[in-house]
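Chemist: So the chains spell out like this:
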Amino acid sequence: MNPEMVPSGVLVVAIGVLFAAGVYLLLERSLTRVLLGFILVGNGANLLMLVAGGRAGGAPIAGITPVDEMSDPLAQAMVLTSIVITLALTAFVLAMAYRSWQLNGHDEVADDVEDRRIARLAARNAPVYRDVDQGEAGTLDEDAAAARDETERDEAGDKTGEAT
Amino acid sequence: MTHDLTTLVPLPVLIPLCAAGLALALHRHPRAQRTISVVALSLMLAASLGLLVAADGGPLVVDVGGWAAPVGINLVADRLAALMLSVSGVVLLCVLLYSLSEGMTESADGLPTPGGEDPIPVAIYHPTYLVLAAGVANAFLSGDLFNLYVGFEILLAASYVLLTLGGTGARIRAGAVYVVVSLLSSILFFVAIALAYAATGTVNLAQLAQRIPEIDPGVALLLELLLLLAFGIKAAIFPLSAWLPDSYPTAPAPVTAVFAGLLTKVGVYAIIRTQTLLFPDSPGVDRVLMVLALLTMVVGILGAVAQDDLKRLLSFTLVSHIGYMIFGVGLASEAGMAAAVFYVAHHITVQTALFLVTGLVERRAGTTSLDHLGGLARVAPGLAVLFFIPAMNLAGIPPLSGFLGKVGLLESGVRDGGTLAWVLVAGSVVTSLLTLYAVVKAWNKAFWQEVPAGVTRDVRLPRGMVGPTTALVAFGVLLTVVAGPLYGYADRAARTSMDGHTYVDAVFPGGSERGRGESPEAGGGDP
Numbered sequence: 001m002n003p004e005m006v007p008s009g010v011l012v013v014a015i016g017v018l019f020a021a022g023v024y025l026l027l028e029r030s031l032t033r034v035l036l037g038f039i040l041v042g043n044g045a046n047l048l049m050l051v052a053g054g055r056a057g058g059a060p061i062a063g064i065t066p067v068d069e070m071s072d073p074l075a076q077a078m079v080l081t082s083i084v085i086t087l088a089l090t091a092f093v094l095a096m097a098y099r100s101w102q103l104n105g106h107d108e109v110a111d112d113v114e115d116r117r118i119a120r121l122a123a124r125n126a127p128v129y130r131d132v133d134q135g136e137a138g139t140l141d142e143d144a145a146a147a148r149d150e151t152e153r154d155e156a157g158d159k160t161g162e163a164t
Numbered sequence: 001m002t003h004d005l006t007t008l009v010p011l012p013v014l015i016p017l018c019a020a021g022l023a024l025a026l027h028r029h030p031r032a033q034r035t036i037s038v039v040a041l042s043l044m045l046a047a048s049l050g051l052l053v054a055a056d057g058g059p060l061v062v063d064v065g066g067w068a069a070p071v072g073i074n075l076v077a078d079r080l081a082a083l084m085l086s087v088s089g090v091v092l093l094c095v096l097l098y099s100l101s102e103g104m105t106e107s108a109d110g111l112p113t114p115g116g117e118d119p120i121p122v123a124i125y126h127p128t129y130l131v132l133a134a135g136v137a138n139a140f141l142s143g144d145l146f147n148l149y150v151g152f153e154i155l156l157a158a159s160y161v162l163l164t165l166g167g168t169g170a171r172i173r174a175g176a177v178y179v180v181v182s183l184l185s186s187i188l189f190f191v192a193i194a195l196a197y198a199a200t201g202t203v204n205l206a207q208l209a210q211r212i213p214e215i216d217p218g219v220a221l222l223l224e225l226l227l228l229l230a231f232g233i234k235a236a237i238f239p240l241s242a243w244l245p246d247s248y249p250t251a252p253a254p255v256t257a258v259f260a261g262l263l264t265k266v267g268v269y270a271i272i273r274t275q276t277l278l279f280p281d282s283p284g285v286d287r288v289l290m291v292l293a294l295l296t297m298v299v300g301i302l303g304a305v306a307q308d309d310l311k312r313l314l315s316f317t318l319v320s321h322i323g324y325m326i327f328g329v330g331l332a333s334e335a336g337m338a339a340a341v342f343y344v345a346h347h348i349t350v351q352t353a354l355f356l357v358t359g360l361v362e363r364r365a366g367t368t369s370l371d372h373l374g375g376l377a378r379v380a381p382g383l384a385v386l387f388f389i390p391a392m393n394l395a396g397i398p399p400l401s402g403f404l405g406k407v408g409l410l411e412s413g414v415r416d417g418g419t420l421a422w423v424l425v426a427g428s429v430v431t432s433l434l435t436l437y438a439v440v441k442a443w444n445k446a447f448w449q450e451v452p453a454g455v456t457r458d459v460r461l462p463r464g465m466v467g468p469t470t471a472l473v474a475f476g477v478l479l480t481v482v483a484g485p486l487y488g489y490a491d492r493a494a495r496t497s498m499d500g501h502t503y504v505d506a507v508f509p510g511g512s513e514r515g516r517g518e519s520p521e522a523g524g525g526d527p
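Residue numbers (full-length UniProt numbering), protein chains in the order written: chain A, 1 to 164; chain B, 1 to 527.
So that you can see chain B by itself, here it is in the shape it has in the complex:
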């Protein structure tokens, strides 16, 4: 690709981070803050889309600070990163617009009160949200294990603040669990980096990919498992998922939505990246991943079936559907990985849309408890449609993108042909049916059942909240319409991730490792 396009690579990190500083400086001017956030995230989305197109020609590499790869830190935008970045950009922007109208001023009971009495959280909301965006982008683009850790820390620190926004009792209770679990996973990640550095003498992903096959297989296995453990906590894979349904639902609706869409997927992305690039040949671990995927799917969805609160129900479906992505990763075939990548893109959109709709339901009816909801289809038909489409998409009803992703996974599972793969295929189908059961139950209770006595609440939904939700639901449908090209892109992303040399060649264009930094050469990410 041309030299100019590589300048796009650091932008998705730089723009939100600079905007965050600016927004913090302007904390007395809410209107300016809003403008800054919207402009920054729009630019970030534009840069991501530019990368999406540019990366299709081959990975773009930037040596930050002009120091060549093994010495300096590099950012790499390959197809996988660009795709994740673009979908995240759309989601971040939609949720931001939604939260502008929500106003982020909430009373102590956690219910939105327009024009609440405590405007303080507004001042920190925008900078924190932008920092979160920068952290997500940094994690996606990082070509360096330690920089990936820094990206994780940036987004986690922002998520701690967002989750405990306002400092109410319920949020502190939920936040304590979330923060402690995340701190632990960060330490595990750091330990893994230290051990990787001790074993190989580098933390650059491309160089690690070259050196890990040369080290003792036992040490490599230890590194792989440690990284999986750290990322598994973040991605909420089954035995490490208990923190998620307890902590997400208490946060403000847009925060829950963006967490549900993005944070776990960053973990999944990190798993895909390390499994394909660093540990491409580890059948034993892949089998473990498959078993965990099955457990995640089934245990998660059984949890969802038992819930009587819409937010918690959706949190459990979130855990459950992480299992699908891990299934694709565990198959360790190009087809499986492509399906997993496509599924991540689909799931980010759908899960976020569902949580935004839940926020609308909460605003409209004053509760998300399925026992206390009812008759919404009659009083708010538009809301019903907004819930119905992503809910069916999540359950995988044809012809929506959820169906296509699941079919892709099932196909690659069948092609794999092993006993375990067949068990997982069966488990996926059962999970899909149970998801349908869970969302249909929610639909019946919230939208169709008789209105419970004493519930007469008539709130007009702000257009500013409905608009972004509709846009995101429409984006989910758009993913279905463009599923062909998108799946093709995911397929190419999976292929370049799995062939093992495209990424490394892009970082070290000379074929071998570049010099020890005597000749800092800026930017030449020529594939």
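Looking at chain A on its own, in the form it has when it is part of the complex:
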């Protein structure tokens, strides 16, 4: 819609850096870091939306700025909505990380119970299939209660790093 839509280079670089750093943090195990990653990527996406709105201009209020000098208000409105959503979700994830810390002493995202079962079988060099008819292992719920993270095991060696 905007013929002279050449985005500012600074913004583009900023978006790239935010996305790169955010994705790196999203891949961490700790929920707090994942949350920081989400905030960074979210802000990167917000900047992207701002760039999508075209060149910068005056406040888009009729009577204050001439129409062709206005910046695009729609992109700003969408960014504003997105910021509000991000805020709410940040609060929720923070609460979840805190609850996880209360329960487990850390806020690591646990492994999938079944993944861990398979990993344990592989470690024992046992056959990967387990016929459900044999019923020799516990139920999934029992496994989930007894299961420990590999990260947890590492920390048990030295001391619980993030519990303090």
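No lab work stands behind these hints: they were computed from the structure.
Now the stretches of chain B that chain A is said to cover, found in silico as 3 or more residues with beta-carbon under 8 Å:
1. 139-153
2. 171-179
3. 187-199
Far from chain B, some chain A residues (derived; all Cβ distances over 12 Å):
4. 61
5. 64
6. 65
Keep in mind it's a predicted model, so treat the numbers as computed, not measured. Here a beta-carbon is modelled for each residue, glycine too, at the ideal position from N, C-alpha and C.
Given the coordinates of chain A, work out where chain B should sit on it, guided by the hints.
Modeler: Chain B only, in chain A's frame:
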């Protein structure tokens, strides 16, 4: 249609949202909360059914706030949206009634304990559930890509709360995965919107449909794939489905039921909407979708076969059967799309009913582990019937609606005639057989095998839980009885979605884009 009927369009969003605020304000009065929820969702269902009838005459459009389409945000109720909305309305109401009796007070081990000691989750349950309903309705009705995003966010935020209700260890563990994956998909969706806006200068679906053919095909492909990626995570299509079986089963039974029924289907709906309206002509992507559909079906059902827990087994069948719908979408023919729409309606009902029955099994026997269940057919024959009917429906045994949906898909696959379509037809049949195997195995273990030693639990099932479950199972059977008209409706919904102009004409009745908002005109959704 008449001017009055368009006032129905915003109601399915407005009613639950207002009721949610009211329920939150009355958090000290559980009885009032229940009344509000039941009344609100009943009204929402009534409005949806009204839309179902009205939309058959052509899409109803409302310009929210009175600003005309490209400037203001509009809600569009066409046949597809109205059908989804109506089925969702039934499911939401049944699950709500079920949860009223379940009481939503659960002890730390996640098993229902009537009259539990911690009544706090009850206060937030009703408002959150209503917000979820509003989010689902908003996603279905939205005529604007960004509003669709907001609808998704509303229902996702509510689902985060519901999934981690009570904050027990297992739920936080499962919730963490679910929340992080959903956050990522939301960001992808937002990025797609930003790029769409940069490329076309609009986020209105009808206007996007007009402008996307004019932009660079490479950019259009990028937008299409980004949207598919975001919706694919939500719909749990195969390589993006690993989060689902791990996160759903830990939630309370009614929550799992409503998630299984609705949340993935909202993703499927978004895929149908964007694929038909914005990217009607993209054979390459359709082929990719077909391959993914095959993988989703087969990998999902193999996962189900390997499970020894009823809830997880059903979660895997859920993933698997998403493949059928994507198959229909990937065919990109009217017949395929009609079958997909019909299948969505069928699957919402059946999958929710199965999860509700599983909740009853858990209440009755104290577990859902197939190794520890047994003899339920003897001690609870009614429960056995309630499980048997939707289970057979899911597997696609004639004459139930699952069979009809699958036949429709197979027919359109055969009519397509390509090699890939034939492979998918074969894959669908195999998946259907494996589904039968999986549910029959569950049936044998839970209902027929000898009662394992030490399991003597005699709990009376509350009538308030059995009633809604029975109603939903009966609704599934009703879908079979009215399959003719319903399939006809789905067919018309598919045809208007795929012809590419009905939707756009309804939003821009002048034939071209309406003015830039100088003359805000309220409501005239005249088709």
